[in-house]
Amino acid sequence: MNLTLKVWRQKNSQEKGQLETYQVKNISTDSSFLEMMDILNEQLVNEGKEPVAFDHDCREGICGMCSLFINGEAHGPGEEITTCQLHMREFKDGETIHIEPWRAKAFPVIKDLVVDRGAFDRIMSAGGFISVNTSGNTQDANAIPVPKEDADMAMDAATCIGCGACVATCKNASAMLFVSAKVSQFALLPQGKVEAAERAQNMVSQMDEEGFGNCTNTGACEVECPKGISIENIARMNREYLSSSFK
Amino acid sequence: MTKLDSKVPEGPIADKWTNHKNNIKLVNPANKRSIDVIIVGTGLAGGSAAATLAELGYNVKAFCYQDSPRRAHSIAAQGGINAAKNYQGDGDSTYRLFYDTVKGGDYRSREANVYRLAEVSANIIDQCVAQGVPFARDYGGLLDNRSFGGVQVSRTFYAKGQTGQQLLLGCYSAMSRQIGKGKIQMYNRHEMMEVVIVDGKARGIIARNLITGELERHSAHAVVIASGGYGNVFFLSTNAMGSNVSAGWKIHKKGAYFANPCYTQIHPTCIPQHGDQQSKLTLMSESLRNDGRIWVPKKKEDAEAIRAGKMKPTEIVEEDRDYYLERRYPSFGNLVPRDVASRAAKERSDAGFGVGTNETGEAVYLDFTSAFMRYGQEEANVHGLNDASQEKIRELGEQVVEDKYGNLFQMYEKITADNPYKTPMKIYPAVHYTMGGVWVDYNLMTTIDGCYCIGEANFSDHGANRLGASALMQGLADGYFVLPYTIGDYLADDIRTGSIPTDTDEFAEAEKSVKDQIDFFINNKGEHSVDHFHKQLGKVMWNKVGMARDTKGLQDAIKEIKEIRAAFWKDVKVPGAADSMNLELEKAGRVADFLELGELFARDALLREESCGGHFREEHKSEEGEAARDDKNFKHVSAWEYKGEPADAVFHKEELEYKNIELKTRSYK
Numbered sequence: 001m002n003l004t005l006k007v008w009r010q011k012n013s014q015e016k017g018q019l020e021t022y023q024v025k026n027i028s029t030d031s032s033f034l035e036m037m038d039i040l041n042e043q044l045v046n047e048g049k050e051p052v053a054f055d056h057d058c059r060e061g062i063c064g065m066c067s068l069f070i071n072g073e074a075h076g077p078g079e080e081i082t083t084c085q086l087h088m089r090e091f092k093d094g095e096t097i098h099i100e101p102w103r104a105k106a107f108p109v110i111k112d113l114v115v116d117r118g119a120f121d122r123i124m125s126a127g128g129f130i131s132v133n134t135s136g137n138t139q140d141a142n143a144i145p146v147p148k149e150d151a152d153m154a155m156d157a158a159t160c161i162g163c164g165a166c167v168a169t170c171k172n173a174s175a176m177l178f179v180s181a182k183v184s185q186f187a188l189l190p191q192g193k194v195e196a197a198e199r200a201q202n203m204v205s206q207m208d209e210e211g212f213g214n215c216t217n218t219g220a221c222e223v224e225c226p227k228g229i230s231i232e233n234i235a236r237m238n239r240e241y242l243s244s245s246f247k
Numbered sequence: 001m002t003k004l005d006s007k008v009p010e011g012p013i014a015d016k017w018t019n020h021k022n023n024i025k026l027v028n029p030a031n032k033r034s035i036d037v038i039i040v041g042t043g044l045a046g047g048s049a050a051a052t053l054a055e056l057g058y059n060v061k062a063f064c065y066q067d068s069p070r071r072a073h074s075i076a077a078q079g080g081i082n083a084a085k086n087y088q089g090d091g092d093s094t095y096r097l098f099y100d101t102v103k104g105g106d107y108r109s110r111e112a113n114v115y116r117l118a119e120v121s122a123n124i125i126d127q128c129v130a131q132g133v134p135f136a137r138d139y140g141g142l143l144d145n146r147s148f149g150g151v152q153v154s155r156t157f158y159a160k161g162q163t164g165q166q167l168l169l170g171c172y173s174a175m176s177r178q179i180g181k182g183k184i185q186m187y188n189r190h191e192m193m194e195v196v197i198v199d200g201k202a203r204g205i206i207a208r209n210l211i212t213g214e215l216e217r218h219s220a221h222a223v224v225i226a227s228g229g230y231g232n233v234f235f236l237s238t239n240a241m242g243s244n245v246s247a248g249w250k251i252h253k254k255g256a257y258f259a260n261p262c263y264t265q266i267h268p269t270c271i272p273q274h275g276d277q278q279s280k281l282t283l284m285s286e287s288l289r290n291d292g293r294i295w296v297p298k299k300k301e302d303a304e305a306i307r308a309g310k311m312k313p314t315e316i317v318e319e320d321r322d323y324y325l326e327r328r329y330p331s332f333g334n335l336v337p338r339d340v341a342s343r344a345a346k347e348r349s350d351a352g353f354g355v356g357t358n359e360t361g362e363a364v365y366l367d368f369t370s371a372f373m374r375y376g377q378e379e380a381n382v383h384g385l386n387d388a389s390q391e392k393i394r395e396l397g398e399q400v401v402e403d404k405y406g407n408l409f410q411m412y413e414k415i416t417a418d419n420p421y422k423t424p425m426k427i428y429p430a431v432h433y434t435m436g437g438v439w440v441d442y443n444l445m446t447t448i449d450g451c452y453c454i455g456e457a458n459f460s461d462h463g464a465n466r467l468g469a470s471a472l473m474q475g476l477a478d479g480y481f482v483l484p485y486t487i488g489d490y491l492a493d494d495i496r497t498g499s500i501p502t503d504t505d506e507f508a509e510a511e512k513s514v515k516d517q518i519d520f521f522i523n524n525k526g527e528h529s530v531d532h533f534h535k536q537l538g539k540v541m542w543n544k545v546g547m548a549r550d551t552k553g554l555q556d557a558i559k560e561i562k563e564i565r566a567a568f569w570k571d572v573k574v575p576g577a578a579d580s581m582n583l584e585l586e587k588a589g590r591v592a593d594f595l596e597l598g599e600l601f602a603r604d605a606l607l608r609e610e611s612c613g614g615h616f617r618e619e620h621k622s623e624e625g626e627a628a629r630d631d632k633n634f635k636h637v638s639a640w641e642y643k644g645e646p647a648d649a650v651f652h653k654e655e656l657e658y659k660n661i662e663l664k665t666r667s668y669k
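As they're listed, the protein sequences go chains A and B.
Numbering-wise, the first sequence is residues 1 to 247 according to my numbering.
Numbering-wise, the second sequence is residues 1 to 669 according to my numbering.
You may find that some hints are simply not true.
As the list claims (entries may be wrong) - Here are the computed distance ranges between Cβ atoms for each label pair:
1. B/Leu26 with A/Glu90: 56 to 64 Å
2. A/Lys92 with B/Glu326: 55 to 63 Å
3. B/Lys310 with A/Lys171: 45 to 53 Å
4. A/Asn46 with B/Pro29: 54 to 62 Å
5. B/Glu214 with A/Lys171: 34 to 42 Å
6. B/Asp350 with A/Ser135: 50 to 58 Å
7. B/Thr18 with A/Asn172: 51 to 59 Å
8. A/Gln139 with B/Asp350: 35 to 43 Å
9. B/Ala30 with A/Gly211: 54 to 62 Å
10. A/Ser13 with B/Val382: 54 to 62 Å
11. B/Ser667 with A/Asn46: 50 to 58 Å
12. B/Glu527 with A/Asn137: 57 to 65 Å
Claimed, not checked - Straight-line C-alpha distance at most 27 Å; calculated DSS-like pairs for lysine-lysine:
13. A/Lys49 with B/Lys414
14. B/Lys515 with A/Lys6
15. A/Lys148 with B/Lys404
16. B/Lys552 with B/Lys539
17. B/Lys414 with A/Lys11
Said to hold, decoys possible - Chain B residues, not near chain A, derived (Cβ > 12 Å throughout):
18. Lys3
19. Arg70
20. Ala83
21. Ala130
22. Gly182
23. Gly255
24. Asp276
25. Asp350
26. Ile500
27. His528
28. Lys621
Treat the hints as calculated values from the structure; they're not laboratory data.
These numbers come from a predicted model, not from an experiment.
Ideal Cβ placement from N, Cα and C applies to all residues, glycine included.
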């Protein structure tokens with residue numbers, strides 16, 4: 001298939017960017033979207049031009065590095081997939097595809113389609129952990145049984161890959177889904193319950209400091225989340241957060 | 001020829017690690033505060049080491065090329081992590097895990113290291129649960145286990161098909177806690193370009209800031225390399241796109257021996273290549289072999305009809321299917337180790353029974369029909385549905401399989417557009433893991449003083465073939481429980497050293513060599529992209545140094561790789577500038593190292609005149625086509641010393657001794 005691409009090019013965080021138009025030809029429908037980008041870049045390199053910078057690594061939907069806004073959708077068309085899991089069979093021959101970076105104040109563009117998601121790391125450092133040392137001198141793993149239902153819910157929350165699609169999709173650029181997934185995972189497990197309220201407090205205040213917007217319950221984040229993280233987690237976090245304010 | 005000193009402690013194998021820990025030097029907490037440690041790579045090994053060292057009190061500087069430590073490729077491990085907990089009461093023990101690992105590695109690993117690994121494995125699970133890793137549980141709330149290839153017990157702990165992700169995020173949480181405290185300084189989007197040696201000791205690195213292009217000098221009292229495997233030397237592999245050998249190769253060029261480069265694992269359950277435009281292969285967890293049965297058509301004409309798209313697998317009746325693993329290996333069946341399963345798939349495909357409808361034609365089926373019916377029947381019994389129809393039973397069974405492997409089935413469907421609940425999956429082997437790596441002693445130190453290597457980047461625990469669910473185990477064992485103690489023995493002599501200055505000749509020289517290479521790439525303005533050469537290298541590696549190797553092929557490979565390398569240095573084109581984010585420049589440096597490693601890899605494979613584990617030489621096989629080991633001549637680790645060109649690398653030998661396990665021909669029949 002042959003395609004027209006409108007790709008966001010931006011030299012660095014200071015300079016202004018703009019959409020550039022490129023043509024790619026003979027793309028196999030079995031190719032992944034990022035393989036199509038590889039072909040574009042190979043073409044650009046051969047023409048002596050600088051290839052398009054975009055983030056990607058594992059290419060199997062789990063590292064959370066890839067982050068393209070395709071035709072106005074985070075990770076492009078299709079449900080519960082990352083950009084690297086998107087395949088060209090989702091597009092039509094001759095189609096024009098718009099490719100842009102995540103847009104959010106807390107995620108400044110570094111170059112072209114690459115953004116800085118360091119804010120997520122800083123939120124994690126503020127409280128995204130259980131305060132236990134890795135000495136190995138803990139009790140036996142089976143000492144505290146965990147109801148299967150809780151363990152499964154914790155697992156569902158824990159599948160967040162930290163890609164930032166929720167932020168990119170939200171009209172307020174809120175990071176509530178990301179933060180609440182981590183808060184929920186730990187709050188649901190007896191090991192993490194002890195400091196659940198304090199954790200919510202610390203992570204939320206860091207989130208506010210990073211310049212993410214407020215949550216207005218539109219639920220857009222849940223729809224675009226490649227891992228199907230539920231907004232029920234936001235409700236759970238709000239409970240933890242409230243209980244911490246009453247302490 | 002120098003004798004490599006493995007520094008394995010004396011005493012009975014079960015006491016070695018405890019005795020060693022009791023006898024090595026400690027650094028007191030106050031002194032730890034004045035000691036710096038650099039860690040390159042933040043996967044399971046590097047991340048867990050960074051967290052633990054910081055908790056112990058050392059000042060840690062950690063580096064990763066990704067935008068966050070949470071993205072290291074450990075995250076992609078699916079199936080699980082082994083531990084000798086014996087929760088299932090099926091006869092598991094430390095000894096059995098040790099035995100299985102040594103046997104699975106085809107008797108080419110160091111006994112004492114493997115025993116230690118088995119010994120600390122149980123602790124890993126305790127630790128991870130305390131950190132909030134949501135492992136799968138049964139209805140009683142206790143931890144669940146599954147079974148993996150090459151073993152006859154259930155000792156694999158898992159978190160759906162995302163065990164690596166959950167373990168890495170556990171590690172990342174532990175790191176985040178220390179980053180918050182300021183005990184770990186995290187350098188994201190940084191790549192190690194060179195190691196700095198001062199007075200024979202590793203004392204720092206030159207790193208490139210991948211956003212600004214700036215070269216930075218970082219010093220420390222010890223340097224730990226945890227940069228993963230080198231499977232991308234094959235261009236197409238299941239590794240992350242950025243995975244590379246460079247950190248390991250840089251220390252190799254400065255004195256660290258590189259061991260057994262030819263030991264590569266080709267994983268049997270990957271999604272077949274779709275064509276020439278492919279950049280990356282995708283693996284599906286080996287856990288699928290717990291319930292999936294592997295087959296090809298018995299009749300060649302059926303295979304031909306399928307390849308031509310004239311027939312569907314579901315049209316082939318039971319009698320016309322060849323479940324070749326069950327046929328050849330009745331006692332392990334579909335759960336033979338990875339190397340055996342991969343070769344068997346290649347053998348059937350080469351013999352004309354492959355079912356790939358893609359451009360390559362290579363594939364075999366992984367079929368869940370039996371599992372659907374078996375689980376479905378169980379469910380029907382549990383729910384008292386005595387007269388359930390076959391369709392209903394299958395539907396119930398599909399539900400059970402979905403609970404177990406839902407995300408893998410979904411992933412398969414997304415990539416291939418085939419629904420694996422309705423038609424068998426198509427799979428084919430792909431490069432996945434490298435057992436070879438930087439040589440280390442029992443303390444995980446390389447042949448450079450103060451330079452350590454952990455996780456997949458070292459060579460230590462898996463011999464010639466790694467068992468499933470053992471990579472996560474090794475990464476975390478090295479990082480949480482081994483290195484943090486053994487490194488103290490070395491650092492105890494550094495308590496009065498004070499911080500290492502970076503304004504010295506050694507740092508300046510190292511930085512200059514890095515800068516020269518970068519300038520070369522930017523100014524070369526050749527004809528071809530980096531990928532052009534990488535693909536050429538990959539093709540040679542896969543065709544001649546892949547699943548089956550022979551003398552002529554290897555000799556040709558050595559010659560061809562040398563030619564590709566020469567062409568690369570003459571003709572590579574890197575657009576853009578050195579002083580900004582430049583992804584082509586990053587790739588150029590990595591491929592330059594792969595082009596050297598590839599040749600050494602082929603040399604190592606040529607020298608090893610036997611078949612063992614993942615290393616299969618056509619000249620050395622039994623009458624039944626199984627790998628034929630030669631313990632008399634090759635019961636050793638091949639460790640290579642850098643001397644310039646790969647052709648000049650000097651061979652060293654570490655003899656392997658087996659005192660606790662009897663050497664046998666590995667049989668899974």
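Enumerate the violated hints, using their earlier numbering and listing them in ascending order.
-> 2, 8, 9, 13, 14, 17, 19, 20, 21, 22, 24, 27
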